[in-house]
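Add chains X, P, E and C with the ligands to chain D, keeping to what the hints say.
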Amino acid sequence: MTFLSLNHITHQYFSKQGFTKAIEDVSLSIEEGQFVSFLGPSGCGKTTLLSIIAGLLTPTEGTVTIQQQPRSQTNIGYMLQQDYLFPWKTIQENVLLGPHIQGNITEMKKEKAIQILEEIGLESVVKSYPSQLSGGMRQRAALARTLMTDPKLLLLDEPFSALDYQTKLKLENLVSQMLKQYRKTSLLVTHDIGEAIAMSDTVYVLKARPGRIAKTFQVPGHLRTLTPFETRQHADFNDLFQTIWKELDQLETESIN
Amino acid sequence: MTFLSLNHITHQYFSKQGFTKAIEDVSLSIEEGQFVSFLGPSGCGKTTLLSIIAGLLTPTEGTVTIQQQPRSQTNIGYMLQQDYLFPWKTIQENVLLGPHIQGNITEMKKEKAIQILEEIGLESVVKSYPSQLSGGMRQRAALARTLMTDPKLLLLDEPFSALDYQTKLKLENLVSQMLKQYRKTSLLVTHDIGEAIAMSDTVYVLKARPGRIAKTFQVPGHLRTLTPFETRQHADFNDLFQTIWKELDQLETESIN
Amino acid sequence: SQSPTTIKVAEVTRSIFYAPQYVALEKGFFEDEGLDVELTTTWGGDKTMTTLLSDGADIALVGSETSIYVYARGASDPVINVAQLTQTDGTFLVAREEQPEFKWEDLNGSTFLGQRKGGMPQMVGEYVLKEQGIDPKEDLTLIQNVDFANIPNAFASGTGDYVQLFEPTASIFEREGKGHIVASFGEESGHVPYTVFMTKNSFLEENPEEMEKFTRAIYKAQQWVQDHSAGEIADVIQPYFEDTELDLIETVVDRYKSQGSYAEDPVLDKEEWSNLKPIMEEAGELPADVDHKTLVNTKIAEDVMK
Amino acid sequence: MKQSPSTDETRFQQHLKKLQKEKRSIMIWQLIIFASFFSLWEMSSRLRWIDPLLFSSPTKISDLLLAKATDGSIFMHIRVTLLETVAGFLLGTVLGILLAATLWWFPKLSKIIDPYLVILNAMPKVALGPIIIVALGPGYFSIIAMGAIISVIITTIVVYSAFQGVDRNYVKVLRSFGANRFQIFKEAILPASFPTIISTFKVNVGLSWVGVIVGEFLVSQKGLGYLIIYGFQVFDFTLVLASLMIIAIFAAIMYQLVERLERKLIRG
Amino acid sequence: MKQSPSTDETRFQQHLKKLQKEKRSIMIWQLIIFASFFSLWEMSSRLRWIDPLLFSSPTKISDLLLAKATDGSIFMHIRVTLLETVAGFLLGTVLGILLAATLWWFPKLSKIIDPYLVILNAMPKVALGPIIIVALGPGYFSIIAMGAIISVIITTIVVYSAFQGVDRNYVKVLRSFGANRFQIFKEAILPASFPTIISTFKVNVGLSWVGVIVGEFLVSQKGLGYLIIYGFQVFDFTLVLASLMIIAIFAAIMYQLVERLERKLIRG
Ligand SMILES: Nc1ncnc2c1ncn2[C@@H]1O[C@H](COP(=O)(O)OP(=O)(O)OP(=O)(O)O)[C@@H](O)[C@H]1O
Ligand SMILES: Nc1ncnc2c1ncn2[C@@H]1O[C@H](COP(=O)(O)OP(=O)(O)OP(=O)(O)O)[C@@H](O)[C@H]1O
Ligand SMILES: [Mg+2]
Ligand SMILES: [Mg+2]
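In order, the protein sequence lines correspond to chains D, X, P, E and C. Just so we're aligned: 189 in our numbering is position 189 of the first sequence, and the numbers increase by one with no gaps anywhere. Just so we're aligned: 200 in our numbering is position 200 of the second sequence, and the numbers increase by one with no gaps anywhere. Just so we're aligned: 69 in our numbering is position 69 of the third sequence, and the numbers increase by one with no gaps anywhere. Just so we're aligned: 218 in our numbering is position 218 of the fourth sequence, and the numbers increase by one with no gaps anywhere. Just so we're aligned: 227 in our numbering is position 227 of the fifth sequence, and the numbers increase by one with no gaps anywhere.
Extracted from the complex, chain D is given alone in its bound form:
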């Protein structure tokens, strides 16, 4: 069943001097429980697209429907390009931000928060402030915050880009496992071809100026069952990597000329 569908989304940013066409005529639909990645050069409108899906931006054209209904905000979890933990709140308060805003902090929610924090290995820093945490820990806390409101749809904007390589590989595993466990429908934005292949069922490659879908790749079924780390080591990984690499390379050359 189609969970999310985008219908001819176009978005322009206006300024006094002119406009930037961030994305043009993007249509796609995603099944429930699927994991989808967007790959593309910087400025191809990935963040814009997620903002539109999250309902934080109204597209100049086109519509977004979730389960055939117009999008309602609160059942979407949006994890921004950086962690954006509130520095003046403790990790616990940060993770409970959603329920706090929605005015329904209950004992149950608190327990759930503790439970999620335990699962991602942050139980020891519950009372710490974000500045006391390493980059990887902060990203994990931001993920926990996003999961707290139990969203049906997860939007992840380069969640691992600020991390060093080892931390990144570990976190990919963790996230992939958690999402499978909670059966979330997820959208991941990334610059990293390996990451896209390792984590998703479908990879959309976007081209820039204006942002459009250039190509769609399906990740072979036998890779999908592996953890991201294992996928990266798999022989078939390299082939897909090369294919996508060439595609991206060509897009970049095109866009320069």
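Some clues are possibly wrong.
As the list claims (entries may be wrong) - Derived pair list, reagent style DSS-like, types lysine-lysine, alpha-carbon separation capped at 30 Å:
1) Lys18/E - Lys110/X
2) Lys21/D - Lys18/E
3) Lys130/P - Lys220/P
4) Lys170/X - Lys180/X
5) Lys257/P - Lys299/P
6) Lys264/C - Lys21/X
What the hints assert, rightly or not - Listed next, the stretches of chain E that the computed footprint assigns to chain X, with coverage defined by at least 3 CB atoms under 8 Å from CB atoms of chain X:
7) 172 to 182
8) 185 to 194
To be verified - For each label pair, taking beta carbons as the anchor points, the in silico distance ranges come out as:
9) Ile32/E - Lys16/D: 24 to 34 Å
10) Gln30/E - Glu123/X: 49 to 59 Å
11) Ser199/E - Gln81/D: 25 to 35 Å
12) Gly133/P - Arg46/C: 47 to 57 Å
13) Ser199/E - Gln17/D: 50 to 60 Å
14) Gln17/D - Ile32/E: 23 to 33 Å
15) Leu265/E - Thr141/P: 50 to 60 Å
16) Leu257/C - Gly133/P: 45 to 55 Å
17) Leu257/C - Leu265/E: 33 to 43 Å
18) Glu119/D - Ile32/E: 52 to 62 Å
19) Trp49/C - Gly133/P: 44 to 54 Å
20) Leu257/C - Thr2/X: 58 to 68 Å
21) Leu19/C - Ser199/E: 26 to 36 Å
22) Trp49/C - Glu97/P: 50 to 60 Å
Think of the hints as simulated: they come from the structure by calculation, not from any bench. Note that the Cβ used here is the ideal one computed from N, Cα and C, for glycine as well.
Chains X, P, E and C with the ligands only, in chain D's frame:
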């Protein structure tokens, strides 16, 4: 012939409350023309070590000799962890900073600058300011600045960490090729195992608190002749990657407990 | 002839009260004496005396009480009073309500907006009240916390039943119906050395001739003021009061002239000096008993009058 | 399905129209505020809701200004005050920067005089007026000094801390090329602190106005501060308010100029 | 070859000793400056290199302060001025923040009144004293208002621009949870601007001193500003300088307190 040798280097940072032992008893020697990498967790003293070699920091113990002589500053090129291009100078001015400081800007130097900038594909932005450049272009300009004074020894502190994956792979190739061409002795600091393997002859793995050399890996000769990009695709790459990964993982677990 | 000697004069404020000074400037009496007078306004007695002491001016036009303060604080180079310009207090008692039958007793129980503590207007004001049998501390509410320049607007915005005001403000208030002049402190106080040209002893010793020329010009102006009508005086001094209407200047000159505020000659005599001391003593501001001969030079003034 | 470029353009035009409409609406509101403020003032003054002696009225003020513009005297006063302010501003700023550079050059000195700087900085400089007269005599020097003194210490402190805040790594780059202390200052410390220096300009220009007006209250024959204090002396509030208005307008213009300079220099 | 921990510790102790030595040397220099300043002053005054009438002397000042401390009158003046300053400071700061919040809440309003804010900001507030006296009468209210008015506009502008400068992404996070405008203000805008707000405190405390001293120059019977004016009036420069010193010391203390508060709050 030994080009650079570190003899029992120890460094402490002092504060009012106490001291941090950044590195302890590090000894090593590097042959002329060699490419050496330091791999290690954050805070293991990599930047400290480079600063000591560059003569910007006096170690609390130990000595540095270059070609059996006490170190003299100007024949070392040091590329910091970020690009640190001067935002108020054009790319050309930035690249000519070394000669400018040393008071010997000649027509020849200027031509050389243009030539280097051409080689690394920056000829079109010679008159631009750093803020107008992308991250990758800035890193390349910083590299050009470092090469301008024709240093015998190059110190590179995570030169590619701020880049996205594709740009990084391309720049690795470029740098590796340039260094081979100019026959520089080079020291590279990185977090990225793949990068270390792909670029160097020897990889030193450091452990933290205090920083010490934990293990030394020699990259097999047949990998050294390949470009970094090709090395990453090579079958033997993965084995070495796994070995080093496990070593680092273990170091990290040790340091947490 | 010689090029004129430059004399720097600092005046305590710009006021019609000092009309003879502006007459001397406008009618060229200083130039006739070969003096080139540069006039600066240093707003307030403190700044004027400071200017004089720090050699910012050769001659200061300021209340003579300041010379006593300076002397009493141990000046090495005392400031000598040379030529008197005004000889009575220059303030008026202005009532909020019209009072054709005003008696000083009416002040009992009222709120009186006086001048700020330590200055000559305040001291004369309190002295006059006491002379009239009113105890400023007991019989009325005395407001003394407002800066000189802000007393009129404090009164105009509703503070006090009576106020002690200088001209031209008193006349403006009367004209606008904001208040009514019911008495003159100048008339009540009798002759005192009110505003006087003074200079440092050292300057006097080094430049006796210039000082004499200066005093002579002032004396000429004083005579001129005595001999001419308020209207004529107003015409002459108008350039110094650009933003004030001519008829107002005339009113004010007339008021001061008719109550004898402008000294007829520059001599500051012993009697006037001894009137000053009880006033300061009553106010509790007389730091030391200073003789007339110590701080006043009458010789120059008397010489120029011959 | 493909959007034709003309629709993109149309949407942009619509957007521009919306912007323009909003801008017009803002300007109309600004005019309404302006007009109602002055007409309310005029009316209250005429109907004697407020005391016209104390609050004057816009027509009286404009009459006065017109008269003074006709005989040219107002321009003389404006010129005097402007010159004093600019001189005070430049003096205070330049001295402050030089002091900051000295402190940077001698780090030990800066540690030694730190507590004295704190005291000098906290001191309300307007209280120093008469002492300045003692030192510099009654005249332009005192007024300009007042305009300078009020900004010099704060400039020193702010610029010095900008110098200290310059990323150590720029210095590292220079030292790796063998730069000496002077080169480090010239090539990294000073240019990197440029934005801060420019932004102190904005503060200093305001402070210099305060200093100069206070200075003119103390000693003066000319200038807008003189007009205010003289206005008080003769109880002419029309003159006082007219001078205040001129001061407000010129201070705002000067502030805007500095801000424009800031935007230009920092962008460029 | 391994360094024993004791040598590490020894090096640290050596480092501490060096630090302490440096600190002592700095303190000695500070004392030297202090002592030579005052003894030079005393000497010049006694030897009449400077006019003791205008510059008084440290012994005279301390005698005076001692006498005034014995009869307790100086404490009364200090208390009055301190209370006025704190009141002016709080009033100005709180009002400024409230105004900034209003502007944030109504973005159109902020665009409309922007030019008026610029003019009000550029206006040298010390020139407004007399108008305040007219409005609030001669008394404490006027002085406190003077202390407040001098800081309120600049606080509004700085805090409002801090509100605007808050990273839009914090707002995005909140909006993704369905937060309303008030929640956005409370959860992101206000706490994110906290460091700026605290740092305006530092500026405002200085401004309030200026305002209060100027206010006391205009209307007052008590307070340190009054002592200065009175001292000038009766030509008692000892009193003037003593008051100036007390002001400098208390202003510096207050500034340090605010700075300590800043460091504490921003760290925590
Ligand atoms: N608020 C905005 N106003 C104007 N233009 C914008 C705005 N946000 C983005 N753009 C422009 O829209 C285009 C797409 O931006 P977007 O941030 O969606 O790209 P992205 O793919 O997320 O890039 P990155 O990989 O660097 O995060 C870019 O050209 C960008 O300059
Ligand atoms: N200037 C300094 N003062 C005090 N301690 C410092 C200083 N610089 C570094 N340290 C400490 O010394 C240790 C080593 O720091 P260093 O920067 O050399 O590590 P690194 O390996 O370069 O880390 P990274 O990978 O994060 O760049 C760390 O514990 C760090 O906290
Ligand atoms: Mg993005
Ligand atoms: Mg480092």
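*Looking back at the numbered hints, which does the structure fail to meet, lowest number first?*
Numbers 1, 3 and 13, in rising order.
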